[in-house]
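With the hints in hand, could you dock these two chains into one complex?
Residue numbers (numbering that gives the first Met the number 0), protein chains in the order written: chain E, 0 to 476; chain F, 0 to 94.
Keep in mind that the hints are not guaranteed to be accurate.
Computed list of lysine to aspartate or glutamate pairs in EDC-like fashion (alpha-carbon distance at most 20 angstroms, straight line) [unchecked claim]:
| hint | chain 1 | residue 1 | chain 2 | residue 2 |
| --- | --- | --- | --- | --- |
| 1 | E | LYS52 | F | ASP63 |
| 2 | F | LYS91 | E | GLU149 |
| 3 | E | LYS52 | F | GLU46 |
| 4 | E | LYS128 | F | GLU83 |
| 5 | F | LYS91 | E | ASP133 |
| 6 | E | LYS286 | F | ASP63 |
| 7 | F | LYS74 | E | GLU31 |
| 8 | E | LYS132 | F | ASP85 |
| 9 | F | LYS74 | E | ASP84 |
| 10 | E | LYS74 | F | ASP63 |
| 11 | E | LYS128 | E | ASP84 |
| 12 | E | LYS408 | E | GLU374 |
| 13 | E | LYS207 | E | ASP248 |
| 14 | E | LYS128 | F | ASP85 |
| 15 | F | LYS91 | E | ASP88 |
| 16 | F | LYS91 | E | ASP134 |
| 17 | E | LYS430 | E | GLU469 |
| 18 | E | LYS52 | E | ASP133 |
| 19 | E | LYS286 | F | ASP64 |
One side of the interface only, derived from the structure: several residues of chain F facing chain E at Cβ under 10 angstroms [as the list claims (entries may be wrong)]:
| hint | residue |
| --- | --- |
| 20 | ARG15 |
| 21 | VAL67 |
| 22 | GLU83 |
Quick list of the computed label-pair ranges, beta carbon to beta carbon [what the hints assert, rightly or not]:
| hint | chain 1 | residue 1 | chain 2 | residue 2 | range |
| --- | --- | --- | --- | --- | --- |
| 23 | F | ALA1 | E | GLY116 | 22 to 30 angstroms |
| 24 | F | LEU55 | E | ASN354 | 51 to 59 angstroms |
| 25 | F | VAL60 | E | ASN337 | 56 to 64 angstroms |
I should point out that these hints are in silico values taken from the structure, not numbers from a laboratory. For glycine and all other residues, C-beta sits at the position ideal for the given N, C-alpha and C.
Spelled out from the first residue to the last, the chains are:
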Amino acid sequence: MKYEAVIGLEVHVQLKTNTKIFCGCSTEFGREPNSQVCPVCLGFPGVLPVLNKTVLEHAVKISLALDCSVQEYTKFDRKNYFYPDLPKDFQISQYDLPVGRDGFLDITVEGGEKRVGILRVHLEEDAGKLIHKDDISLVDFNRAGVPLLEIVSRPEMYSPEEAHAYLTALKSAIEYLDVADCDMEKGSLRCDANVSIRPRGERELGTKAEVKNMNSFKGVKDALAYEIKRQIESVENGGKIIQETRLWDAKNGKTFSMRSKEEAKDYRYFPEPDLPPFVMTLENIRKIKETIPELPREKAARFIREYGLSAYDAGILVVNKKDAEYAEECMRAYPGENKKPVVNWLIGPLLSEANNRTGGGELTALGILPERLIELVGFVQAEQISNLTGKSVLTDMIDTRESAADIIKRRNLIQISDTGSLETHIEEIIKANVQSVESYKQGKTGALMFLVGQVMKKTQGKANPKVVQELLKKKLA
Amino acid sequence: MAINKEVVDHVAYLARIRLSDEETVRLAQQLEGIVAFIDALKNVNVEHISPTSHILPVQNVLRDDVPVRSLPIDKVLVNAPQPEGDFFGVPKIIE
Ligand SMILES: [Zn+2]
Chain E
0 MKYEAVIGLE VHVQLKTNTK IFCGCSTEFG REPNSQVCPV CLGFPGVLPV LNKTVLEHAV
60 KISLALDCSV QEYTKFDRKN YFYPDLPKDF QISQYDLPVG RDGFLDITVE GGEKRVGILR
120 VHLEEDAGKL IHKDDISLVD FNRAGVPLLE IVSRPEMYSP EEAHAYLTAL KSAIEYLDVA
180 DCDMEKGSLR CDANVSIRPR GERELGTKAE VKNMNSFKGV KDALAYEIKR QIESVENGGK
240 IIQETRLWDA KNGKTFSMRS KEEAKDYRYF PEPDLPPFVM TLENIRKIKE TIPELPREKA
300 ARFIREYGLS AYDAGILVVN KKDAEYAEEC MRAYPGENKK PVVNWLIGPL LSEANNRTGG
360 GELTALGILP ERLIELVGFV QAEQISNLTG KSVLTDMIDT RESAADIIKR RNLIQISDTG
420 SLETHIEEII KANVQSVESY KQGKTGALMF LVGQVMKKTQ GKANPKVVQE LLKKKLA
Chain F
0 MAINKEVVDH VAYLARIRLS DEETVRLAQQ LEGIVAFIDA LKNVNVEHIS PTSHILPVQN
60 VLRDDVPVRS LPIDKVLVNA PQPEGDFFGV PKIIE
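If we strip away everything but chain F, and leave its shape as in the complex, we get (with noise of 0.2 angstroms):
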């Protein structure tokens, strides 16, 4: 795959990262060297193998529907920037 100007700003935009001219045109180069090197795969043949989606050994963690106490209100908002009463404060959202 091709790693062009327009890649590198669509996953800065899906990111939300603002880059540089200077910064998308390196990206572009080191993306492309991190996908040739993964697409060295695509030359394994891989036709009897399920994706792998998890490397450990461990399946069927559950837990009981059972409540435990949740965090205090102080404490849920300790770190927000900007708090009102007991909510989150955010930019306003328009549709």
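Chain E on its own, in the form it takes in the complex (with noise of 0.2 angstroms):
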């Protein structure tokens, strides 16, 4: 392709606080409208905004989680703008001095480890939300002010999996410090992108367009995906990509301008008067640092230490942190030293258990004890039962919440390997196809699947295939 894309990425995550970032108004979701108000989130004149103590720790944590430099000093801006659901005509953000700089984030894509620039890290509050009736327009500020922090990568992205891939890695490390939800249907992640096509080998970026308004990881993947597509064709028929806000309609798969005659952007950011400056002692820096846990990457890198885990196998469990504790427990409990049996079945049956019931794909969700799952991968092992008739077992265990050797039990699913009791079906078998019998003779192995499958049908999926079909083999040499 003549063409390559340039991605940067704008992530706001809602920090996880009771109160919001300046007044003590509950964060809680939900809420009967304008409930949570004050004359702070209000913005009526005369008040004094304060720095929620919480927002500050939880911006630092995720700062040097993201390994941005934490500025010593810092403070916060006004960015000057009119809109209905912003109640004091300017947001509070941070311009200048943001509490982290010059961060990055590793990401694993196609191919390999790729590290993208993180920009800046800085605080601002949240707006208020619009509901639009066919007369009037209607404000609940329950959101005005809630703390964000905004995350802004360098352009160092250049397809839409890997804009995908910092995507989950930045919630994924986000979601192990416990400081934010980062669920971007319900809105406590959003996500707006630069997007910029150049010729390759070229350096210089191209004219930008920002898209908003994607409401899924995989809006993210597919509004990018268009943009591309659409840049690039535009510039082949000789068009030129304007400087615009696009928005993405995930319902019909487009991008489309705007179109709003919006002036050149001109926020007039000054100091907030009424915050007075924030100075952090390395001290105290390093006190926050103290508590960060082992971030996702780290957790892969440990599992493929300790465990002989593969990279890709490691990355799929670490995603989410109470399933990386999980899996982890479950390569503890499992006996013997290659953790590979169990580990199939953690992002096998097991991950596509809790992606059918749980939409999210958590596997605590299921409920499965980690000695409950060594049980059953016990059985399959010890080839008591067959690798399927291990999955209708789990299915079974999640629904019933009993043991493998009970369900086994009550199903009577042991399989049979004594040759003794499979002779007796296979000669039937035998018998009863006489024409495959003759095929698997001439030559055709495939005849032999097929007179295994037989034996398989009649013993109800009971019969150890392994078994049988060296039995057949023998029985037909």
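Shown next as structure tokens:
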């Protein structure tokens, strides 16, 4: 391809706190409209905002986790613009002295590892919520003043897949810190993208479009893929990319121009006089650093080292902290040096059950205790039940909360491996399928699998297929 | 910086203020004077001085993350020109 895309992401995460960023109003979600507002977050004259201590700590924590340098001196600024969801007609944000800057996030992409630069991490307040009616718009300010952290990447991603991997890694790291929920569908993580294209090999960035309104991780990937294609087609047809804001329409799979005749943005930032600056001592920063747990990539590296996992398996298991801890318990509890059998169950049948049942795909939500899973894997490893039967036992375990042993007993599932009882079945099958037997003898190996299948059917899946195959081979030799 | 009509119009638009032509001319002159006054600072050598964002010797004013009671809804909406239910009503916004 002649062109390469360049993507930078601006991610807003809602910090997990009891109260808003500058006042004591609750941040609880889903309450009656305008029930969590006060003179401060409604922007009444003469009020004084006071920064929430937890907000600053969370911001420092995330900055450190993203390897940013945390500024010793940080301050807030007013970003001035008019919109009905903004009660003060300015948003308190951070302009030239953000909490953190110049960090990075390592991501896994096709073909290996990649480092994406983080330009800055800054705090700001959320706006209210608008509901549009036929002839009026309604404003609910419960969300106004809810603490947000904006994380701005450098334009260093070159495909929708890389952007997706960056978002996934970012969400995962922040979730490990337990300072934000990061649920894109619920709006506690929001993502805008700056997209441009340039001829391959060119160093200078092309004119960018800002894409907004993406409400899911898949939406981000789809919107970027569409936008890149649109820009390339436009340029190839002699068009020019204009700097504009475009909205993603998930239903029709398109981005479209907002077409608002917005003037060049002129926010007239100036220092927020009502909030004195914040000076963090190195001692304070060090204390916060000590509270940062093992992060996903460190955990993955340790899983590879301690349990001999492949990078791929480790990557899947560490995405979610609770699941990673669960997986580690399972691996610890599993006897034997090689942990692959239990890992295969975790990232195979368990994960697909979790995806089918819980949307979020959380392994721990299935309610299978580690020792119960080990027991099930044990039955399969000992070839007392087949892999396929094992999967059905797992489903049963999740539904009934019974143990594998009880289910296998109740459903009489123990695999028939003893040759004596299998031989009778096999002889009957050979007699009943003369044609297949003939073609096998003529060298058609596929016919053997057909015969194995027949025996399996006859024994209601309980025969050990390996043993059946060996016996058949012997008999037909 | 020369304060011409365009600059005054732009600033007036940003502040959502409508000005008459006569006001625009008068304000351009006044703003010109104010900016010239401030420009005196350009003659001061500030090479080793960081910008002053706050003048009071106060820093690190923080509060604990503990909820307090919010305003009751009747107080919230008491000055709202167009309340509807528990909401503030505003003229319809068209994107
Ligand atoms: Zn409030």
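How the hints compare with the structure:
Between the alpha carbons of LYS52(E) and ASP63(F) the distance comes to roughly 6 angstroms, so the proposed pair stays at or under 20 angstroms and holds. A hinted pair counts as satisfied when its Cα atoms are at most 20 angstroms apart, and LYS91(F) with GLU149(E) does not qualify at roughly 29 angstroms. Between the alpha carbons of LYS52(E) and GLU46(F) the distance comes to roughly 34 angstroms, so the proposed pair goes past 20 angstroms and is violated. With a C-alpha separation of about 15 angstroms, the suggested pair LYS128(E) and GLU83(F) falls inside the 20 angstroms cut-off, and the hint holds.
Only pairs whose Cα atoms come within 20 angstroms are accepted, and LYS91(F) paired with ASP133(E) is accepted, the gap being roughly 8 angstroms. Taking the CA atoms of LYS286(E) and ASP63(F), the gap is near 18 angstroms; set against the 20 angstroms cutoff, the hint holds. Of the pairs offered as hints, the one joining LYS74(F) and GLU31(E) holds, with about 15 angstroms between alpha carbons and a cut-off of 20 angstroms not exceeded. Restraint check for LYS132(E) and ASP85(F): satisfied, since their Cα atoms lie roughly 15 angstroms apart, inside the 20 angstroms limit.
Of the supplied pair hints, the one linking LYS74(F) and ASP84(E) holds, its CA atoms being roughly 19 angstroms apart against a limit of 20 angstroms. Under the criterion of a C-alpha separation no larger than 20 angstroms, the hint pairing LYS74(E) with ASP63(F) is consistent with the structure, at around 19 angstroms. For the hint linking LYS128(E) to ASP84(E), the alpha-carbon distance of about 6 angstroms falls within 20 angstroms, and the restraint holds. Under the criterion of a C-alpha separation no larger than 20 angstroms, the hint pairing LYS408(E) with GLU374(E) is consistent with the structure, at around 14 angstroms.
At roughly 19 angstroms between alpha-carbon atoms, LYS207(E) and ASP248(E) fall within 20 angstroms of each other, so this suggested pair holds. Taking the CA atoms of LYS128(E) and ASP85(F), the gap is near 13 angstroms; set against the 20 angstroms cutoff, the hint holds. Distance hint between LYS91(F) and ASP88(E) is fulfilled; the C-alpha atoms sit about 18 angstroms from each other, no more than 20 angstroms. A hinted pair counts as satisfied when its Cα atoms are at most 20 angstroms apart, and LYS91(F) with ASP134(E) qualifies at roughly 6 angstroms.
Under the criterion of a C-alpha separation no larger than 20 angstroms, the hint pairing LYS430(E) with GLU469(E) is consistent with the structure, at around 18 angstroms. Between LYS52(E) and ASP133(E) the alpha-carbon distance is near 42 angstroms, which puts this suggested pair outside the 20 angstroms criterion. Between LYS286(E) and ASP64(F) the CA atoms are separated by roughly 19 angstroms; this keeps the pair inside 20 angstroms, and the hint holds. Against a cut-off of 10 angstroms between C-beta atoms, the interface hint on ARG15(F) holds, since the closest Cβ of chain E lies about 6 angstroms away.
Interface restraint check: VAL67(F) against chain E, minimum CB-CB distance 3 angstroms, threshold 10 angstroms, status holds. The beta carbon of GLU83(F) comes within 6 angstroms of a beta carbon in chain E, closer than 10 angstroms, and the hint placing it at the interface holds. The given range of 22 to 30 angstroms is broken by ALA1(F) and GLY116(E), whose C-beta atoms sit roughly 40 angstroms from each other. The given range of 51 to 59 angstroms is respected by LEU55(F) and ASN354(E), whose C-beta atoms sit roughly 55 angstroms from each other.
One distance hint, 56 to 64 angstroms for the beta-carbon pair VAL60(F) and ASN337(E), holds here, with the actual separation near 58 angstroms.
The structure shown violates the earlier hints numbered 2, 3, 18 and 23.
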